[in-house]
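One-letter residues, chain by chain:
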Amino acid sequence: MAAVHYPWGNMKHVALPNRWNLPDLGLGVGLRTTHFRHITEHWPAMDWFEILSENFIDTGGRQVYFLDQIAERYPIVMHGVSLSVGSTDPVDFGFLDKLAALAKRVNAVWLGDHICWTGVAGINGHDLYPVPYTEEGLRHMISRVKTIQDYLERPLVLENPSTYLTFASSSMPEEEFIARLAVEADCALLLDVNNVYVTCRNHDLDPVAYLDAIPYEHVVQVHLAGHTDHGTHCIDTHDGRVIDEVWQLYKRVHDRTGGRATLLEWDANVPKFQVLQQEVGKAARFRKGSHQALRSAAA
Amino acid sequence: MSLRDEPRLDTLERWMQEIVMHPDGAVAGVRAAPARRILPVAVGKLEKVVLPSKSLSSIERLDIYAHMYYARLLEILGDEYPTTRQILGNEAFWKASRRFLERNPSRQRTLNHLSDRFPAFLSRHLPPGGRSGLATDVARIERAMEDVHDAPQAEPLTAAEFTAIGPAQWQYVKLRLVPALRLLDLRFPANEYMNALRAGKKPRLPRPRATFAIVYRRDFRLFRRDQEPGQFRLLAALARGRTLEEAVRKSVSRRGGDADTLAATLGTWFREWAAAGIFCAIDR
Numbered sequence: 587m588a589a590v591h592y593p594w595g596n597m598k599h600v601a602l603p604n605r606w607n608l609p610d611l612g613l614g615v616g617l618r619t620t621h622f623r624h625i626t627e628h629w630p631a632m633d634w635f636e637i638l639s640e641n642f643i644d645t646g647g648r649q650v651y652f653l654d655q656i657a658e659r660y661p662i663v664m665h666g667v668s669l670s671v672g673s674t675d676p677v678d679f680g681f682l683d684k685l686a687a688l689a690k691r692v693n694a695v696w697l698g699d700h701i702c703w704t705g706v707a708g709i710n711g712h713d714l715y716p717v718p719y720t721e722e723g724l725r726h727m728i729s730r731v732k733t734i735q736d737y738l739e740r741p742l743v744l745e746n747p748s749t750y751l752t753f754a755s756s757s758m759p760e761e762e763f764i765a766r767l768a769v770e771a772d773c774a775l776l777l778d779v780n781n782v783y784v785t786c787r788n789h790d791l792d793p794v795a796y797l798d799a800i801p802y803e804h805v806v807q808v809h810l811a812g813h814t815d816h817g818t819h820c821i822d823t824h825d826g827r828v829i830d831e832v833w834q835l836y837k838r839v840h841d842r843t844g845g846r847a848t849l850l851e852w853d854a855n856v857p858k859f860q861v862l863q864q865e866v867g868k869a870a871r872f873r874k875g876s877h878q879a880l881r882s883a884a885a
Numbered sequence: 020m021s022l023r024d025e026p027r028l029d030t031l032e033r034w035m036q037e038i039v040m041h042p043d044g045a046v047a048g049v050r051a052a053p054a055r056r057i058l059p060v061a062v063g064k065l066e067k068v069v070l071p072s073k074s075l076s077s078i079e080r081l082d083i084y085a086h087m088y089y090a091r092l093l094e095i096l097g098d099e100y101p102t103t104r105q106i107l108g109n110e111a112f113w114k115a116s117r118r119f120l121e122r123n124p125s126r127q128r129t130l131n132h133l134s135d136r137f138p139a140f141l142s143r144h145l146p147p148g149g150r151s152g153l154a155t156d157v158a159r160i161e162r163a164m165e166d167v168h169d170a171p172q173a174e175p176l177t178a179a180e181f182t183a184i185g186p187a188q189w190q191y192v193k194l195r196l197v198p199a200l201r202l203l204d205l206r207f208p209a210n211e212y213m214n215a216l217r218a219g220k221k222p223r224l225p226r227p228r229a230t231f232a233i234v235y236r237r238d239f240r241l242f243r244r245d246q247e248p249g250q251f252r253l254l255a256a257l258a259r260g261r262t263l264e265e266a267v268r269k270s271v272s273r274r275g276g277d278a279d280t281l282a283a284t285l286g287t288w289f290r291e292w293a294a295a296g297i298f299c300a301i302d303r
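Chains A and B are the protein sequences, given in the same order.
With the numbering used here applied, the first sequence corresponds to residues 587 to 885, in that order.
With the numbering used here applied, the second sequence corresponds to residues 20 to 303, in that order.
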């Protein structure tokens, strides 16, 4: 354990077992516009917030007004959906400048996106498309991640996406692709355990074997979320509570890491803020010696 | 590219994008010329490119992405243009929206500007009069509301700053408008019609009539206000950077009436605008 002092002042001692010594921020939720008023009127118990980067870029209105206030009181992490690190289009440095400006504005603890592509030929599909897990795909993405990290002068925190198809040309499993990407590009990972569950359901894979292949010294953050089970496949909808099987995967990750910043995503049918507190607070039962307020909220 | 070789990364990405963005779904996308030019594979041979799962065929797996592409973006258009949709009716609105997305895929990293060109698209592709003409005007108002929502914040002039501008300064003073303001010249009384619909009324379809409106933001709330023609011309002239004197001369010269009436009218307009907070700086 090491003493770390942050301007937010609410973390005295945090575990630093990842290779960048990035802190375990505790338990957080995704910052959504429907909760702006509640948060700024009550300043509720929450260790940190994650923002969807694109929601605060190219806008100067209400979102930014509230974000500035919230960023003064809570640590903020930036998580994006349009970086398109797997795309064969050129890197969009103008967009990186906007990300960097936002990161500076909110004093982002880290920023990241997904292991995917979102479009080519200058078009953005605004979805997280899977890459073929090939040597060519891996080399391409390693090169892109290194370029982006060099430009931003900070590690990217990249998330395993939920995927709904596999390319026949893939020559390695997803978890091997991710592990090699993390190690060879020297990037950080955001391990979304709900996505692990969804992807493994969709591809008939073993989620425990998936988790066992992850290089945990690269993992700095964990996501939790709900999904929709259609029987034939699962869709990562972020519209409900975390299911028990995902909590068990989370426990496994926590046992391997000893504590990583953990975030609940809830983006559709968004409930009252107190419901989010209770749901993410359930993670406290897997964690030791901290987050009393959230544990109480979950009780 | 033939399937005798493993498709390269850029080939797979371009091919998949053509399919998931095809307006008639993944099967039509695989069969369409743009995808076939990139990777000529038949629907029946698709497992050579995309593996099936235990439960889903290759085409069903691609179709998940194709469905989500339109579902997600159509939902955004529906959220941004609720009154346009109400006027056009669901069938016509969704049909137009789908055609718009097909021809105007997003080229931005954010979704803020996805529908920038939607009102112009409606104007080009719907008949100009009647219900669709009104809907096009309403779409312009709803687009302006999105723009105003996202515009940078600027502190409005205070009453003291405003009243300190004496008549002698009019010849060189320019008033700067806040970024969160849009001026709209319309072919229908669209703002009035929107107000009636949003109040739960069932207004009759109005006849075409030139109207003028402003959309602005104050304390992070959006407002829509109809403007008199001269009032609108004055604001438009100020927006173009005219001095106060030039703007007044150009906008109210057609009104006629005596000087006292004109002064009273201008006083009323500027008090309204000052209360609305639509000026943010005085350039001298």
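Certain hints may be false.
Here are the simulated lysine to aspartate or glutamate pairs, EDC-like style, with alpha carbons at most 16 Å apart [as the list claims (entries may be wrong)]:
# : chain 1 : residue 1 : chain 2 : residue 2
1 : A       : Lys-868   : A       : Asp-830
2 : B       : Lys-73    : A       : Asp-790
3 : A       : Lys-858   : A       : Asp-678
4 : B       : Lys-73    : A       : Asp-644
5 : B       : Lys-193   : B       : Glu-180
6 : B       : Lys-193   : B       : Asp-245
In case anyone wonders, no lab produced these hints; they're calculated from the structure.
Quick rundown of the hints versus the structure:
no., hint, result
1, A:Lys-868 <-> A:Asp-830, "holds, 11 Å"
2, B:Lys-73 <-> A:Asp-790, "holds, 7 Å"
3, A:Lys-858 <-> A:Asp-678, "violated, 37 Å"
4, B:Lys-73 <-> A:Asp-644, "violated, 43 Å"
5, B:Lys-193 <-> B:Glu-180, "holds, 13 Å"
6, B:Lys-193 <-> B:Asp-245, "violated, 23 Å"
Going through the hint list in order, the structure does not satisfy hints 3, 4 and 6.
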